[in-house]
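Line by line, the protein sequences give chains A and B.
Going by this note's numbering, the first residue of the first sequence is number 1, and it counts up by one from there.
Going by this note's numbering, the first residue of the second sequence is number 294, and it counts up by one from there.
Calculated directly from the structure, the hints in this document are not laboratory data.
Cross-link-like lysine to aspartate or glutamate pairs, in silico, EDC-like; alpha carbons within 16 Å at most:
1) K554/B to D515/B
2) K197/A to E448/B
3) K197/A to D500/B
4) K32/A to E289/A
5) K374/B to D398/B
6) K490/B to D207/A
7) K401/B to E368/B
8) K205/A to E494/B
9) K490/B to E155/A
Covered by chain A, according to a simulated footprint, are these stretches of chain B (three or more residues, beta-carbon under 8 Å):
10) 410-422
11) 451-460
12) 481-493
Quick reminder that beta carbons are idealized off the backbone N, C-alpha and C, glycines included.
2 protein chains.
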Amino acid sequence: MTEILDGKALSKTIKARIAEKVKQIVAEGGKKPHLAAILVGEDPASQTYVNSKEKDCKEVGFDSTVLRLPASISEKELLDKIKELDENPNVDGLIIQLPLPAHIDENKVIMAVSPEKDVDGFHPVNVGKMILGLPSFVSATPLGIMTMLKEYGIETKGKNCVVLGRSNIVGRPIANLLSQKSNPGDCTVTICHSHTKNIREITLKADIIVVAIGISEFLKGDMVKEGAVIIDVGITRVADASKKSGFRLLGDVEYSTVAPKASYITPVPGGVGPMTRVALLMNTLKSREQRIS
Amino acid sequence: MTEILDGKALSKTIKARIAEKVKQIVAEGGKKPHLAAILVGEDPASQTYVNSKEKDCKEVGFDSTVLRLPASISEKELLDKIKELDENPNVDGLIIQLPLPAHIDENKVIMAVSPEKDVDGFHPVNVGKMILGLPSFVSATPLGIMTMLKEYGIETKGKNCVVLGRSNIVGRPIANLLSQKSNPGDCTVTICHSHTKNIREITLKADIIVVAIGISEFLKGDMVKEGAVIIDVGITRVADASKKSGFRLLGDVEYSTVAPKASYITPVPGGVGPMTRVALLMNTLKSREQRIS
Numbered sequence: 001m002t003e004i005l006d007g008k009a010l011s012k013t014i015k016a017r018i019a020e021k022v023k024q025i026v027a028e029g030g031k032k033p034h035l036a037a038i039l040v041g042e043d044p045a046s047q048t049y050v051n052s053k054e055k056d057c058k059e060v061g062f063d064s065t066v067l068r069l070p071a072s073i074s075e076k077e078l079l080d081k082i083k084e085l086d087e088n089p090n091v092d093g094l095i096i097q098l099p100l101p102a103h104i105d106e107n108k109v110i111m112a113v114s115p116e117k118d119v120d121g122f123h124p125v126n127v128g129k130m131i132l133g134l135p136s137f138v139s140a141t142p143l144g145i146m147t148m149l150k151e152y153g154i155e156t157k158g159k160n161c162v163v164l165g166r167s168n169i170v171g172r173p174i175a176n177l178l179s180q181k182s183n184p185g186d187c188t189v190t191i192c193h194s195h196t197k198n199i200r201e202i203t204l205k206a207d208i209i210v211v212a213i214g215i216s217e218f219l220k221g222d223m224v225k226e227g228a229v230i231i232d233v234g235i236t237r238v239a240d241a242s243k244k245s246g247f248r249l250l251g252d253v254e255y256s257t258v259a260p261k262a263s264y265i266t267p268v269p270g271g272v273g274p275m276t277r278v279a280l281l282m283n284t285l286k287s288r289e290q291r292i293s
Numbered sequence: 294m295t296e297i298l299d300g301k302a303l304s305k306t307i308k309a310r311i312a313e314k315v316k317q318i319v320a321e322g323g324k325k326p327h328l329a330a331i332l333v334g335e336d337p338a339s340q341t342y343v344n345s346k347e348k349d350c351k352e353v354g355f356d357s358t359v360l361r362l363p364a365s366i367s368e369k370e371l372l373d374k375i376k377e378l379d380e381n382p383n384v385d386g387l388i389i390q391l392p393l394p395a396h397i398d399e400n401k402v403i404m405a406v407s408p409e410k411d412v413d414g415f416h417p418v419n420v421g422k423m424i425l426g427l428p429s430f431v432s433a434t435p436l437g438i439m440t441m442l443k444e445y446g447i448e449t450k451g452k453n454c455v456v457l458g459r460s461n462i463v464g465r466p467i468a469n470l471l472s473q474k475s476n477p478g479d480c481t482v483t484i485c486h487s488h489t490k491n492i493r494e495i496t497l498k499a500d501i502i503v504v505a506i507g508i509s510e511f512l513k514g515d516m517v518k519e520g521a522v523i524i525d526v527g528i529t530r531v532a533d534a535s536k537k538s539g540f541r542l543l544g545d546v547e548y549s550t551v552a553p554k555a556s557y558i559t560p561v562p563g564g565v566g567p568m569t570r571v572a573l574l575m576n577t578l579k580s581r582e583q584r585i586s
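With the rest of the complex left out, here is chain A:
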């Protein structure tokens, strides 16, 4: 039997818990968590993401601020704006929507946010602490995946886990987290990428596969063993005239052939996506709580 890892339902449950916690903070005379986001330019995807984050904040009772800046803004001006929000004691979490216009140095921008307010977990201090197993903000997608594994009670200890993709925001952190002495964790982890040879031979031995390779329907049924746990991070829009929207969404997993063999599998959409969204709220709440204590 294949069980669907329902990120939509789980994220709803977690949002309800967060909303409850916010009420409690306020009842105790505290201030609501406050997420501030900076959006530079008019990229439609970025606008959609930021709007979703605003909506999510509202849903759980967080305060939110979105600072919309023109694509023409200079790096210096942007850094000044970041400093201002970062120093605002009323702000608990500060994120800068990526990508940024080409004339702005992304690394400088990431370094300009204090690690204590970096709820995206992009600052090297947070990355380093995560790697060292110290308390830190873990970026949203890996945190969402770890939360999903934990909440579904999926056994990871001693399991053979294969991560497809070595990006700094998904593949690499999830590979490190799953190989740590923790629960979820304690997996034997293999990290694969574009230079990996015989990838099928590797995935066929995996108990858990995390696919974050950015190629739609890359993982096929003949690449996985019976009973594997499948986490699909990919999301690609494909034109589809039969749909009202004109497109459909595909993951990095060929669902029709992989799902019948899997013990657990995330759908696309409705799997890792909603978990990523709720993970940002979890981090913002955590930041608020750290400021209280």
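Got chain A sorted already, so can you dock chain B onto it with the hints?
Positioned in the frame of chain A, the structure of chain B alone reads:
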């Protein structure tokens, strides 16, 4: 044919290059690189390590300072001493010999050294930057291993690499470095540890094996395939009445059975050890050069 990865000889070559570079800096009116070390307490192994570092500095023409402090020093006093050396513009690299007495918080001490002077590469900022592929100080053992692979021209791209051990100072960084888009790098990396099952099945497929598991002679000949590259990080003293010193040194690799099958192998002693020592000098020189530019 098995080729010995001669860390002793290679480190000598690199030391000569560093000494040459120091002469050049001085000839141009610059100041010698300066490594400062803090040693707390009387641990004999720590004293030996610090003495070696002092000797290495002398050999390449670096200035060095060793601050020896009593084990009874308070955390606050130690942090003050660190601050003093860290702020001294004459100091390029600052290291605190570990372990520290139990009443001192190691993480606090590590965080007290500026990332720009943290030539041990222990600060979370340096760990995070290394993980993100940004310029950073990489800690001595992984840097020594990467340097050895590079200098011997060992092809790593697309190779299947297995790392035994997930420590923060060896296994985890080397696993991350070897899986990065770089040269050496671009390996498919599997990280194994105490919870890994069927370890022999995994090592038998490896083109490169890095053993940093802390169990002497753990890796045996029947666990490696013909032509594998073997990097042995382990070092254990074993009583041996036939030796003048009363002991002999063993690695984590059973050399007698593994070496005949290996294409390249590091001996113990004389392999990774000397490369670790020279890597600290490389980092200190790099710090000096960054201060010049």
